[in-house]
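Protein chains in written order, with our numbering: chain A, 1 to 111; chain B, 112 to 225.
Read the hints as simulated data drawn from the structure, not as lab findings.
Be aware that one or more of the hints could be misleading.
Chain B side only, calculated, beta carbon under 7 Å to chain A, not exhaustive [unchecked claim]:
(1) Arg153
(2) Gly154
(3) Leu155
(4) Leu158
(5) Ile167
(6) Glu213
(7) Phe216
(8) Gly217
(9) Pro218
(10) Gly219
Output of the computed footprint for chain B on chain A, the stretches with three or more beta carbons under 8 Å from beta carbons of chain B [unchecked claim]:
(11) 41-53
(12) 99-105
Just so you know, these numbers come straight off a predicted model, no measurement behind them.
C-beta atoms are modelled at their ideal positions from N, C-alpha and C, and glycine is treated no differently.
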Amino acid sequence: SQQGEEDPQALSIQEGENATMNCSYKTSINNLQWYRQNSGRGLVHLILIRSNEREKHSGRLRVTLDTSKKSSSLLITASRAADTASYFCATGGEDGQNFVFGPGTRLSVLP
Amino acid sequence: SQTIHQWPATLVQPVGSPLSLECTVEGTSNPNLYWYRQAAGRGLQLLFYSVGIGQISSEVPQNLSASRPQDRQFILSSKKLLLSDSGFYLCAWSVASLPVNEQFFGPGTRLTVL
Chain A
1 SQQGEEDPQA LSIQEGENAT MNCSYKTSIN NLQWYRQNSG RGLVHLILIR
51 SNEREKHSGR LRVTLDTSKK SSSLLITASR AADTASYFCA TGGEDGQNFV
101 FGPGTRLSVL P
Chain B
112 SQTIHQWPAT LVQPVGSPLS LECTVEGTSN PNLYWYRQAA GRGLQLLFYS
162 VGIGQISSEV PQNLSASRPQ DRQFILSSKK LLLSDSGFYL CAWSVASLPV
212 NEQFFGPGTR LTVL
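Isolated chain A (complex conformation) (with noise of 0.2 Å):
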């Protein structure tokens, strides 16, 4: 089954710098997105790259995806202590009516 899989599991860094998290998947996808989630609320939606794209910006974020080694990157730049808070990578597949989420990656952003 296509499973994003994210790493690292946690990521504890400074304000000012700039947080990478990784996703992997095993099979083929249309869209792969991300979310995120605030401690005991709901996901949402920060940004989908489509199959056919490479790279991708939104403000402070940036997704690149390579479909040859099923793997996409978050990076959020400058990351403020706001930006804590665990982010997920879902796949959409080619026909499929839903996503498979990964176990996603907790970002803390010390001030």
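Dock chain B against the given chain A, drawing on the hints supplied.
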């Protein structure tokens, strides 16, 4: 604009008791609807999804069931709760398109079974 509601926000239930969690969506028609469960500090496990009224797909065998009595209403139920049913339950919706793009999540229900 579209909004998604879930209730209750928290719930503590004894083992063996019934369960009913409700999710409603406003501002859109014929959405895909989803129920996920999240164990503490873990990722999301898809439990059920629905592409229309009365159409329910189950992803994993379990003690739970789902129903979609109206276009924008999705209900998660159990006749007898188990300890292992504890977790954070999230409802989500997406535009009914292939492939599915963005999912919009509700605030979640934290269920504790004692």
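These are the hints, each one checked on the structure:
{"no.": "1", "hint": "Arg153", "verdict": "holds (6 Å)"}
{"no.": "2", "hint": "Gly154", "verdict": "holds (4 Å)"}
{"no.": "3", "hint": "Leu155", "verdict": "holds (4 Å)"}
{"no.": "4", "hint": "Leu158", "verdict": "violated (11 Å)"}
{"no.": "5", "hint": "Ile167", "verdict": "violated (12 Å)"}
{"no.": "6", "hint": "Glu213", "verdict": "holds (5 Å)"}
{"no.": "7", "hint": "Phe216", "verdict": "holds (4 Å)"}
{"no.": "8", "hint": "Gly217", "verdict": "holds (5 Å)"}
{"no.": "9", "hint": "Pro218", "verdict": "holds (5 Å)"}
{"no.": "10", "hint": "Gly219", "verdict": "holds (5 Å)"}
{"no.": "11", "hint": "41-53", "verdict": "holds (count 6)"}
{"no.": "12", "hint": "99-105", "verdict": "holds (count 6)"}
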